[in-house]
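A.B. asks: The primary structure of each chain is shown beneath.
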Amino acid sequence: MAKNVDSKGKDIYKDYTLTENLMDNIKIFQEIFKDDGMFRYRICKNSENPDIMCCAIFIDGMTNSVGVSENIIKPLVEAKGIKWNSKVQDNIREIYKKVLYASRVQHSNDIKEIVESIIYGDTLLMAQGSKEVLIIDLKGWETRSPTEPENEKTMRGPREGFTEAFLKNTSFIRRRLRTPDLKFKLIKIGTRTNTQVCLCYLDTLVNPKVLARLEDKLKNIEIDGILDTNYLDELTKDNPYTPLKTSGVTERPDIVAGKLLEGRIAVIVDGSPSVMTVPYFFIENLQTDDDYYINYFFAGACRLIRILSLMITIVVPALYIALVAFHKEMIPINLALSISEARQGVPLPIVVECLVMLLVFEILRESGMRIPSNVGTALSIVGAIVIGQAAVDAKFVSAPMVIVVSVTGITGLMAAKMKGAVIIYRTFLVIMASVLGMYGLIVGLILIVAHTVSLTSFGVKYTSYLDAYKVQEMKDIYVRYPWWKMLTRPRNVSTNLVRQSNTKEGGDI
Amino acid sequence: MKIIKKLILFILCLLPAVFFCGCQNYSEIEDSYIVSAIGVDFGENKKYLVTAEVVGMAQGGEGTTPAPGTLSAEGDTVFGAVHEISTAAAKELFLSQVSTIIISEEVAREGILEILDLVVRDVELRITNDVVVAKDCKAYHLLESPSMGEEIKAFAIRDILQSGEENTSLSPEVKVYELINTINSPGISAYLPAFSRIQAEEKHSLSLSGTAVFKDDKLVDFLGEEDSKIMTMLQGKTKQTVISVKKGDTGTGHISPLVFNCDTKLKPEETKEGIKMSIHLDLELGINELTGKEDIIDAQKRQMLLKDIEQEIKQKAYNLIRYQQMGSGTDIFGFGNKIYKNHSKLWKKIKGTDYFQNLIPDINVTVKLRSTGFINKSPATYHEGSNVK
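So the protein sequences, as listed, match chains D and C.
Note that this note's numbering has the first sequence beginning at 1452, numbered continuously upward.
Note that this note's numbering has the second sequence beginning at 547, numbered continuously upward.
Keep in mind that a hint or two might mislead.
[Claimed, not checked] Residues from chain C shown here face chain D by an in silico Cβ test under 10 Å; the list is partial:
no., residue
1, Cys559
2, Pro562
3, Ser582
4, Gly602
5, Leu617
6, Leu641
7, Gln643
8, Ile698
9, Ala700
10, Glu712
11, Asn883
In case anyone wonders, no lab produced these hints; they're calculated from the structure.
From the three backbone atoms N, C-alpha and C, an ideal C-beta is built for every residue, glycine too.
The task is simple: from the sequences and hints, build the whole structure.
C.D. replies: Here it is, written out as structure tokens:
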């Protein structure tokens, strides 16, 4: 899988094999970690029997150095009565059994595995006269505390978020799903980054076809590095040329647990707090975790508003142009009058005005995201005054256009997960509407819908259940049904449908 | 099931594409004059003089409502005149938002078919426009005279007609397609609301002043306000109105009961003397005002009052029908249409004859007082020592 070749195309591990001579072995690692200033080794001898000579190798900053001194070096130096025979291979096992104070220890003599472990923060312990070495897990790098993700804030529900630490992330999920059914399948991806990727699923719920497809795709990836989940998302997409996301991304463990319970698969990438969930449906773009933690009436209303907002943010600028430039007779006369009056003296044609304003809004949004947060208020004031007030007063743009663009912008924030696609579709529709009027708008919408329904996410229809008419199929689509109505899992996600055996309520599985 | 679903989806996708098809002529909204009303007059040499009321022509300051202005030109035809305006005006005329078409009395007397044809045939003008007749003045007089409350005359006329339909039921609103339908229907004559200028505080103002009566497409007569109300009642279109009734034996002066509801039933009968049209008017009244000191609320006097009202309405209705029969002979009430719809055999017999002039009206009026007993006495008679006696 991973090809560890240097610049000359030579396998960097091929030449090395561990010997029984400790000093030779140390040399091997010195050579491998040549020019690496963080490389540390420490040779120590037992105070009772100086023949017992060991060496701990680790990388500074990646290990818990107190742990190394307390749990490895101290017991080694102070140990008494160790059976030591410099000609017997088992010396290292003796140390493993009687000396070390460490829970996660692994035997190995595979140089590649050893090197990767050292890099990952493990401590290597070698003993004189032993080919085998011990890999001791005393990882001790600094990680962020699991705070609530900035862009997935909720009113209710857990406040925990994934961090960059892989093991912590898996523990978050494990803590929520305390069943041996929960599987973590490990794969390493990235020839240079050797990133740990973990497929996480509930064995009895997962759709084996989807799982096989995902595994197959992941195994076929050959890339030098994976730094975030989005790498995997794009590399495994069924339809690579779509602006829509066909896999879910979240930083919240509770969401991941929820998706696993539906039979989906989570992909955790070491070093990234974002976890990918597949398969993914279109409607998941418009779901939030609050939907499940607050009263279902309110949650349903909120989701309907989000769906409406998505439509508004895509269609409204194009609709405005189509009406004002082509179908003036469709505007109620009072509105037509005020638009006409507001447009008097505005130099730009309405299409250009619209595109410029949309662009300005996107510039404001993007700059608001990139600048340090303490400058943000200044930006929003400038944005509000420049665009909202001064531009209209100076007759650069008309007031109705400012309203249209603001409505578009605000509603666009509601469908934040689809931001990229929304901007592209909106601009596309504006251009269609400015050329063909309402006809162009409708044709554009038809094209967008046609494209969307053609998508699949790991073999599952992307727009699944948007056309559902059975109670158990539409229970979590346009509105969320109360929990006592959620009796089954989505049919094309999970192979095990029954979620609550209480069939007297809904029946109809 | 799946095929049906797919089919429905397919049709749903296709329908909008079909209905919204054909968009061209990209133009900026501020590059055209939005016309709200068109007035048709005769200019010199019987040429058509068309006046367009353009909204937002006079630029106001910030926050003011767009002030209307008028543009006019002459032409051999109405459309020719409209085109003539466009050539002279700074911007093109945008006619899709026209809400009212005003036809002056003199043009209406010559016939309105040409105007109706233009409205139906033209792409921009709508057949849902209101049509009104300018009585005793030119159409452009109405468009140029200031009105009460609403700056834009087209809106003023539309609002007067629409609120009138609910509140005063003076003369029903007539839209272009309704007018055309009426002209083409057997047994009914066309009518239009008539507007005229009134003098109010040294200013001219427009007001609804009655009904213009048409024979085919030509204006023949006007009805006054009271007659128009009775006409609306006979047509069964009254929703709420106020009629003025003389207090007969019960005292002096007038009383204006509010008519909440008027149920009109027409029943043609063939008798020896000719065709009898029995007309039953079922009115619900409310007394909103009592003039005079006399208490008319006690049972006996109330009955007398109701009798008076019945009698009065009956008389007025009879007079109006007789007037129409003797005068222009136009069946604006749609009596013939009723016969045509419900008694086709009878209609075949009388078709083409002067059936309307020979119709015998048999009018029956019943009135009912609503919500009596809330206030029994006149405010002035509350206590014995009152000065009012």
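A.B. asks: Now, for every hint given, state plainly whether the structure supports it.
C.D. replies: Consistency of the hints with the structure:
1. Cys559: holds (6 Å)
2. Pro562: holds (5 Å)
3. Ser582: holds (7 Å)
4. Gly602: OK, holds: glycine 602 of chain C within 10 Å of chain D, min 5 Å.
5. Leu617: violated (16 Å)
6. Leu641: Status holds, d = 9 Å.
7. Gln643: Constraint on glutamine 643 of chain C satisfied, holds at 4 Å.
8. Ile698: holds (9 Å)
9. Ala700: Check passed: Cβ of alanine 700 of chain C comes within 9 Å of chain D, closer than 10 Å.
10. Glu712: It is violated, given that the least Cβ distance between glutamate 712 of chain C and chain D is near 20 Å, above 10 Å.
11. Asn883: Asparagine 883 of chain C check fails; min Cβ-Cβ to chain D is 33 Å, beyond 10 Å.
In the structure shown, a violation is registered for the earlier hints numbered 5, 10, 11, in ascending order.
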